[in-house]
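Colleague: These are the residues of each chain, in order.
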Amino acid sequence: MLTSWADSLHVVQPTVRVAWLVAARDVRAQRARALLAPIWPAVPPLGQALVIYAVARETIGGRVPDYFAWLLLGVLVWAHATSTVQAIVPSVVDAGSSIRLAGMPLWSPPLAAGLRTSFNFAPLLGVAILLAAVRGPGIRPVWFLVAVALQVWASQAFGAVAAMTYVFFRDVRFGAELALQLTYYVTPVILPLSLYPRGLRAVVEWNPLTVLVGAWRAALLGGAGQPLRCVALAGVCLAMLLVARRLAPRAMRVSSW
Amino acid sequence: MTALLTFEDVHVDYRLPRGLGDWAAGRRATVVEALNGVSFSVGPGEALGVVGANGAGKSTLLAVAAGGRPASRGLVERPVSARLLLDLGGELHPELATAENLLFKLRRLGLARRSATELLDEVWDFAELDRGVGQLPLRALSAGMLLRLAFASSIVLKPQLLLIDEVLAVGDLSFQAKCAARISELRKQGTALVFASHVLEQVEATATQAIWLDRGRVASAGDPQAVLRDYRAHARGAASPASSAIGVTVVGAPLRQVEAGARDRVHVRLPEAVAGGSCRLTLRREALGVMAIAERAMPCEGEVAVDVVLSVSDGAYWLDIEVLDASGGVVAASAGAVTYEVAARAGNQGIADMDVRVVGVRG
Numbered sequence: 001m002l003t004s005w006a007d008s009l010h011v012v013q014p015t016v017r018v019a020w021l022v023a024a025r026d027v028r029a030q031r032a033r034a035l036l037a038p039i040w041p042a043v044p045p046l047g048q049a050l051v052i053y054a055v056a057r058e059t060i061g062g063r064v065p066d067y068f069a070w071l072l073l074g075v076l077v078w079a080h081a082t083s084t085v086q087a088i089v090p091s092v093v094d095a096g097s098s099i100r101l102a103g104m105p106l107w108s109p110p111l112a113a114g115l116r117t118s119f120n121f122a123p124l125l126g127v128a129i130l131l132a133a134v135r136g137p138g139i140r141p142v143w144f145l146v147a148v149a150l151q152v153w154a155s156q157a158f159g160a161v162a163a164m165t166y167v168f169f170r171d172v173r174f175g176a177e178l179a180l181q182l183t184y185y186v187t188p189v190i191l192p193l194s195l196y197p198r199g200l201r202a203v204v205e206w207n208p209l210t211v212l213v214g215a216w217r218a219a220l221l222g223g224a225g226q227p228l229r230c231v232a233l234a235g236v237c238l239a240m241l242l243v244a245r246r247l248a249p250r251a252m253r254v255s256s257w
Numbered sequence: 001m002t003a004l005l006t007f008e009d010v011h012v013d014y015r016l017p018r019g020l021g022d023w024a025a026g027r028r029a030t031v032v033e034a035l036n037g038v039s040f041s042v043g044p045g046e047a048l049g050v051v052g053a054n055g056a057g058k059s060t061l062l063a064v065a066a067g068g069r070p071a072s073r074g075l076v077e078r079p080v081s082a083r084l085l086l087d088l089g090g091e092l093h094p095e096l097a098t099a100e101n102l103l104f105k106l107r108r109l110g111l112a113r114r115s116a117t118e119l120l121d122e123v124w125d126f127a128e129l130d131r132g133v134g135q136l137p138l139r140a141l142s143a144g145m146l147l148r149l150a151f152a153s154s155i156v157l158k159p160q161l162l163l164i165d166e167v168l169a170v171g172d173l174s175f176q177a178k179c180a181a182r183i184s185e186l187r188k189q190g191t192a193l194v195f196a197s198h199v200l201e202q203v204e205a206t207a208t209q210a211i212w213l214d215r216g217r218v219a220s221a222g223d224p225q226a227v228l229r230d231y232r233a234h235a236r237g238a239a240s241p242a243s244s245a246i247g248v249t250v251v252g253a254p255l256r257q258v259e260a261g262a263r264d265r266v267h268v269r270l271p272e273a274v275a276g277g278s279c280r281l282t283l284r285r286e287a288l289g290v291m292a293i294a295e296r297a298m299p300c301e302g303e304v305a306v307d308v309v310l311s312v313s314d315g316a317y318w319l320d321i322e323v324l325d326a327s328g329g330v331v332a333a334s335a336g337a338v339t340y341e342v343a344a345r346a347g348n349q350g351i352a353d354m355d356v357r358v359v360g361v362r363g
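Residue numbers (our numbering), protein chains in the order written: chain A, 1 to 257; chain B, 1 to 363.
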């Protein structure tokens, strides 16, 4: 058991190194011959936030102070989580020949997919931070670190389990997309928690994305943070990463990738 | 002598994916034995050639040797730093500039940026390509250029253990010779080579030991000459010409020795008249499959004489003859109607070709 953990730690450095190289390569490839490439990933969430703001400003805006920044953060967190999980799910299977034949570490492709997505979202995060700095109460550094760490940790954990399960069942991609879409409706992205039906509030409160959104709003908009729920989510993510790690050797024995 | 790669009774089982119907019916997953009790050891400077039909387990053996597939049972030993599978660019990105792709590949294999940049010059020199090619996106390169660069970028790393899957014959003849010389040079420096190939002459010329895999099992192992003799005998037996002839008879010797490029006349007795018919001749080679196909319209009745010119490398070939009706349906056939033992001729090592001319008809 100890040897197994020592082996795991031994592969961390090459895994991260290769993930970084792959992510950098993919971002460069994405930007090759596309003049506005750095802007494109930020356009859909920004556009979504603007449209929802235009529609809901009259009805909801009055109940939430600085509604646009509040809304933009929610959309940004949800869009990042969705994009990351969607990128991670097929990453192991897609890099099959590199893993099987060219010695690429197994966990590098999922990590690279997460890095690439985060890199794409960086400009929009910059906009959100700027907005918070100008209009909000200012950045709370501890909550900011918690929010970044939790966002990365949760996306990787959910993505890793999905990527390993995807090796066995290709349905996972469709299931993950559906689950993320449904989760959107029970995350306080557009509506504050107080506007949800009473019977649905428990679901909304314990939804992992709600915890993430809450951490970001605590960091940038002075919202009330929920440390216990953040710790619980981090624990659930750790358990998911352990499940993914247990699935990995079985996935390597599957012939279909 | 310390072995650089050792397999001891290695088994690899694949579990085939189950469909929803299989789940519902409670059917267990089918397990395929890709490797079944494979053992060998390769030391510094040695070359192990792996032969076998498609699906015999050659690529699985190399993937296990590369560390990309775990063995289900048995022992695989190799020095951690001594493995490199020569791949032809599976992880490269077609949109990126070629030089950038090569840098990525070298850095992915563990080199620091500076070392990778320095080694890049060696890659261009070995591949004999202009450095300006480096600015082109990878997708703009020809297949031949890609092969050269893939080989060059792998070989410059001077691995201790080189694993090659059916890509030893890279590029044109002069580049192939250069690659062979480089591999030979590396072996003299202690690199061990494990390669899978369908080109048996290459195995004969390169390997110090060989393995013939048959459905995952080692059917024969040891001296390359003996292993290839066994393999050839098996391959000929598997394609017995007499057993599958229906309605077509070749007049004359079924086994012929010819020189590459020389003309050979084949007299074929055909069945009753087939209106608007044609005759299709297919040239096959052991393990490699179809090498050339020629289809000619001709009166499909009586005896037809055709001249066959084989522009191929040396080895054993089979000629299949099929009679087709006007709609293209096969009405008569003879698989392996003639077996050719072709002797090499200088300048005849290129693409396999077969020229067929109808020279006489007797009703």
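The reader is advised that the hints may include incorrect statements.
Cβ pair distances, simulated, as ranges [said to hold, decoys possible]: (1) A:A37 with B:A226: 53 to 63 angstroms; (2) B:A226 with A:P249: 18 to 28 angstroms; (3) B:G43 with A:Q13: 23 to 33 angstroms; (4) B:S39 with A:W206: 48 to 58 angstroms; (5) A:Q181 with B:P94: 27 to 37 angstroms.
Residues from chain B shown here face chain A by an in silico Cβ test under 7 angstroms; the list is partial [claimed, not checked]: (6) G68; (7) R73; (8) L96; (9) F104; (10) R107; (11) A335; (12) T339.
Over 10 angstroms on every C-beta distance to chain B, these chain A residues come out as not near it, computed from the model [claimed, not checked]: (13) V12; (14) V18; (15) D26; (16) F68; (17) I129; (18) L131; (19) V134; (20) F144.
In short, the hints are calculated from the structure, not lab data.
Keep in mind that this is a model prediction, so the values were computed, not measured.
We treat Cβ as the ideally placed atom computed from N, Cα and C, and that holds for glycine.
Colleague: Can you give the numbers of the hints that this structure goes against, from lowest to highest?
Modeller: 2, 7, 11, 12, 14 and 15
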